[in-house]
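Protein chains: 2
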Amino acid sequence: MLNINKNFKKLPGAYLFSTVARLAEEYQKAHPERELIKMSIGDVTRPIAPSVVRAMETAAHEMGTAEGFRGYGPEQGYEFLRSAIIKNDYISRGIELDTSEVFVSDGAKSDCGNIGDIFGIDNIVAVCDPVYPVYVDTNAMAGRAGDYKEGRWSRLVYMPCTAETGFLPELPKTSVDIIYLCFPNNPTGAAATRVQLKKWVDYAKDCGAVILYDSAYEAFITDPDIPHSIYEIDGAKECAIEFRSFSKTAGFTGMRCAYTIVPHELKCDGAELNALWNRRQCTKFNGVPYVIQRAAEAVYSPDGQRETRAAIEYYLENAKIIRTALSAAGLSVCGGENAPYIWAKAPKNMGSWDFFNEILNKTGVVTTPGAGFGPSGEGYIRLTAFSTREHTQKAMELLGNIL
Amino acid sequence: MLNINKNFKKLPGAYLFSTVARLAEEYQKAHPERELIKMSIGDVTRPIAPSVVRAMETAAHEMGTAEGFRGYGPEQGYEFLRSAIIKNDYISRGIELDTSEVFVSDGAKSDCGNIGDIFGIDNIVAVCDPVYPVYVDTNAMAGRAGDYKEGRWSRLVYMPCTAETGFLPELPKTSVDIIYLCFPNNPTGAAATRVQLKKWVDYAKDCGAVILYDSAYEAFITDPDIPHSIYEIDGAKECAIEFRSFSKTAGFTGMRCAYTIVPHELKCDGAELNALWNRRQCTKFNGVPYVIQRAAEAVYSPDGQRETRAAIEYYLENAKIIRTALSAAGLSVCGGENAPYIWAKAPKNMGSWDFFNEILNKTGVVTTPGAGFGPSGEGYIRLTAFSTREHTQKAMELLGNIL
Numbered sequence: 407m408l409n410i411n412k413n414f415k416k417l418p419g420a421y422l423f424s425t426v427a428r429l430a431e432e433y434q435k436a437h438p439e440r441e442l443i444k445m446s447i448g449d450v451t452r453p454i455a456p457s458v459v460r461a462m463e464t465a466a467h468e469m470g471t472a473e474g475f476r477g478y479g480p481e482q483g484y485e486f487l488r489s490a491i492i493k494n495d496y497i498s499r500g501i502e503l504d505t506s507e508v509f510v511s512d513g514a515k516s517d518c519g520n521i522g523d524i525f526g527i528d529n530i531v532a533v534c535d536p537v538y539p540v541y542v543d544t545n546a547m548a549g550r551a552g553d554y555k556e557g558r559w560s561r562l563v564y565m566p567c568t569a570e571t572g573f574l575p576e577l578p579k580t581s582v583d584i585i586y587l588c589f590p591n592n593p594t595g596a597a598a599t600r601v602q603l604k605k606w607v608d609y610a611k612d613c614g615a616v617i618l619y620d621s622a623y624e625a626f627i628t629d630p631d632i633p634h635s636i637y638e639i640d641g642a643k644e645c646a647i648e649f650r651s652f653s654k655t656a657g658f659t660g661m662r663c664a665y666t667i668v669p670h671e672l673k674c675d676g677a678e679l680n681a682l683w684n685r686r687q688c689t690k691f692n693g694v695p696y697v698i699q700r701a702a703e704a705v706y707s708p709d710g711q712r713e714t715r716a717a718i719e720y721y722l723e724n725a726k727i728i729r730t731a732l733s734a735a736g737l738s739v740c741g742g743e744n745a746p747y748i749w750a751k752a753p754k755n756m757g758s759w760d761f762f763n764e765i766l767n768k769t770g771v772v773t774t775p776g777a778g779f780g781p782s783g784e785g786y787i788r789l790t791a792f793s794t795r796e797h798t799q800k801a802m803e804l805l806g807n808i809l
Numbered sequence: 407m408l409n410i411n412k413n414f415k416k417l418p419g420a421y422l423f424s425t426v427a428r429l430a431e432e433y434q435k436a437h438p439e440r441e442l443i444k445m446s447i448g449d450v451t452r453p454i455a456p457s458v459v460r461a462m463e464t465a466a467h468e469m470g471t472a473e474g475f476r477g478y479g480p481e482q483g484y485e486f487l488r489s490a491i492i493k494n495d496y497i498s499r500g501i502e503l504d505t506s507e508v509f510v511s512d513g514a515k516s517d518c519g520n521i522g523d524i525f526g527i528d529n530i531v532a533v534c535d536p537v538y539p540v541y542v543d544t545n546a547m548a549g550r551a552g553d554y555k556e557g558r559w560s561r562l563v564y565m566p567c568t569a570e571t572g573f574l575p576e577l578p579k580t581s582v583d584i585i586y587l588c589f590p591n592n593p594t595g596a597a598a599t600r601v602q603l604k605k606w607v608d609y610a611k612d613c614g615a616v617i618l619y620d621s622a623y624e625a626f627i628t629d630p631d632i633p634h635s636i637y638e639i640d641g642a643k644e645c646a647i648e649f650r651s652f653s654k655t656a657g658f659t660g661m662r663c664a665y666t667i668v669p670h671e672l673k674c675d676g677a678e679l680n681a682l683w684n685r686r687q688c689t690k691f692n693g694v695p696y697v698i699q700r701a702a703e704a705v706y707s708p709d710g711q712r713e714t715r716a717a718i719e720y721y722l723e724n725a726k727i728i729r730t731a732l733s734a735a736g737l738s739v740c741g742g743e744n745a746p747y748i749w750a751k752a753p754k755n756m757g758s759w760d761f762f763n764e765i766l767n768k769t770g771v772v773t774t775p776g777a778g779f780g781p782s783g784e785g786y787i788r789l790t791a792f793s794t795r796e797h798t799q800k801a802m803e804l805l806g807n808i809l
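Taken in sequence, the protein lines are chains A and B. As numbered in the numbering used here, residues 407 to 809 make up the first sequence, in order. As numbered in the numbering used here, residues 407 to 809 make up the second sequence, in order.
Pulled out of the complex, with its shape left as it was, chain A reads as follows (with noise of 0.2 Å):
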């Protein structure tokens, strides 16, 4: 008699941008004349870039023809945009990278959720707290995290981010083997400085635990002492895995292009992780669209460079609007600087939900509870920058009406 993965019971119910969406939906309906603006979920707006779209077109077109036409790819991606990514985000900041060590994806969340299959049930993980939720759920799904009761995982190490600590973990008190880290933060928007990461670093490699590093968000980073890699940090590659995103980079979240970083360097074992994720992909995945490989190439074109940048400043220059507002209306903030995500506390020690419900019914815009980011965001919301120009001045015009 089949049984099912019973991990899966425990999960609470709705995740967390459902309920967000139920709600707005919900409110749509009841005041159908209203304008809805979603400053929720951290989607891009901007068209791809024209350069990536004609060597998508390009690619398009050689799949239709005879001498063109290319089957299964390398489940790790052609050497093409390997080479591609070494060249403009490694070499560049003087990371040296082999192209076995880059493992091109459909994405970042897929990576961050099917990077577990390598390690082993027992191990104990530590998270942020707030947290991208997928850390958690996947974890969860593998038996990793223990039992749900009262918003925490029983097995989990839960690291605070908060306004004591400036938005930035601390090392674990207790021993831990997988950590998480996401800088620049999802959802706070805070970002670890060379030293705040090389703490990191030491501390992963004299405890023998790795971390797996998201920086879905480098490209945002403005201030010259953020790093963008972790592998900037010396002797990162013997404990870090990096995971990299063209979704918030070149707006590729409809185009499905991430690739993950596992350096030979590091082991566990005696064995190599790089040989254990390659297996892992060689037995479970297929390699990404050959079109979408040619795009994700083109991002690194001296157009595609120029064109995406462009889409950064203008999300970059959303941030600002919305900082800038919530401060002037006499709220805390973190984040924006270097950072799509503004992480807002509430006034008057109201909650998240209440805040966020208060938002949404009184002016239409949907942010996101922070309380839905785990036990520490209680208190807080978070606005992303990836709406449109009108719609982020809108929103905090009407913010600024009721704050």
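If you are wondering where the hints come from, they were derived from the structure by calculation, not from laboratory data. One should not assume that every hint holds.
All copies of an identical chain are treated as equivalent in the list; a pair is satisfied when it fits inside any one copy or across any two copies.
[To be verified] Keeping only pairs whose Cα atoms sit at most 25 Å apart, straight-line, the calculated DSS-like set for lysine-lysine is:
# : residue 1 : residue 2
1 : Lys555    : Lys412
2 : Lys415    : Lys673
3 : Lys673    : Lys416
4 : Lys412    : Lys673
5 : Lys415    : Lys611
6 : Lys444    : Lys800
7 : Lys611    : Lys412
On the provided structure of chain A, position chain B as indicated by the hints.
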């Protein structure tokens, strides 16, 4: 201290197709003057259909416009594609499905592997022998296969598909919980009739097992007695998940689009497997590129159907050429009539690898040794019909000379 998933250490060294590729490469290096003809890997060679290319170009253009741009799509796939799948692949065969039962993905390989996430580790898994290695390796990684000794996994139930059984599996003699079936079969090319498949549905319902039904090759079925979907059998919705792919149907191996059907009727431990798979996909997957989904939709247009059918007919003609040539040379063959695979018995009780090497070294034709698909594949080789006509004819001529 981090520890790895120990099951990875149990996996035998190299993946079958990598070994075959390496041997072919070595041969080519030793004989640079001879032409290598690959009849081994199941990759297609015909270009993408013109109407599908056009749809992709249009979608690429859309992505570059403010109005047409699409960010994150539904994790389960766009409504337009899910509806087209139901209308064309199911309603046309008298099967009703709701769009919520269709999950669009980047490949049947991914889904066949990832589906294990929703099942308990202690389920007993039955696989055909010979078998597509992904079913075995993904269960081995998850810890369901036990230990690997002398070519067999200790906890897997092998269902031999031999000349004696007509290359179809027989019902297991011991209790099993998860049954992988692939009809038309990879690697033997055998296909089950309605009557034969009903036996499996009745069995699974009887003992509370789930059938994971891989029908990636259904487009090659020519015999009206052979069902294209397991849901053509009464009661199958209560016991089967079906995997389908555009890879072989429309030459999408380099395009990456497939889908999986999880009916709401399919329950276990009081839970709908549909809800579990949906939770898995929403947490670890972010959908298929918009341009690829538009391409897949175009496969169902009248032009798309005509064009992709022409490619299938082309491959079926290749299959016939292979069947005829090998039979004429005195080999026993299975498949090639309702499937793109031909399963041929080596002459004079020769072993798989010996026959593979003899063919490679004497002719430059690359096949796949049957033993690589499981113990009962010993003594056989697999040939695929996906080559060009020219290569197929040339390969058969060369084989004719040495057999």
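Hint check:
1. Lys555 with Lys412: So Lys555 and Lys412 pass the 25 Å test inside one copy only (16 Å; across, 30 Å).
2. Lys415 with Lys673: Cα proximity of Lys415 and Lys673: across copies only (14 Å, versus 34 Å in one copy).
3. Lys673 with Lys416: Result: close only across copies, 17 Å inter versus 32 Å intra.
4. Lys412 with Lys673: This pair counts as between: shortest inter-copy Cα distance 14 Å, intra-copy 31 Å.
5. Lys415 with Lys611: Classified as between; 23 Å across copies, 35 Å inside a copy.
6. Lys444 with Lys800: within (11 Å within a copy, 61 Å between copies)
7. Lys611 with Lys412: between (34 Å within a copy, 21 Å between copies)
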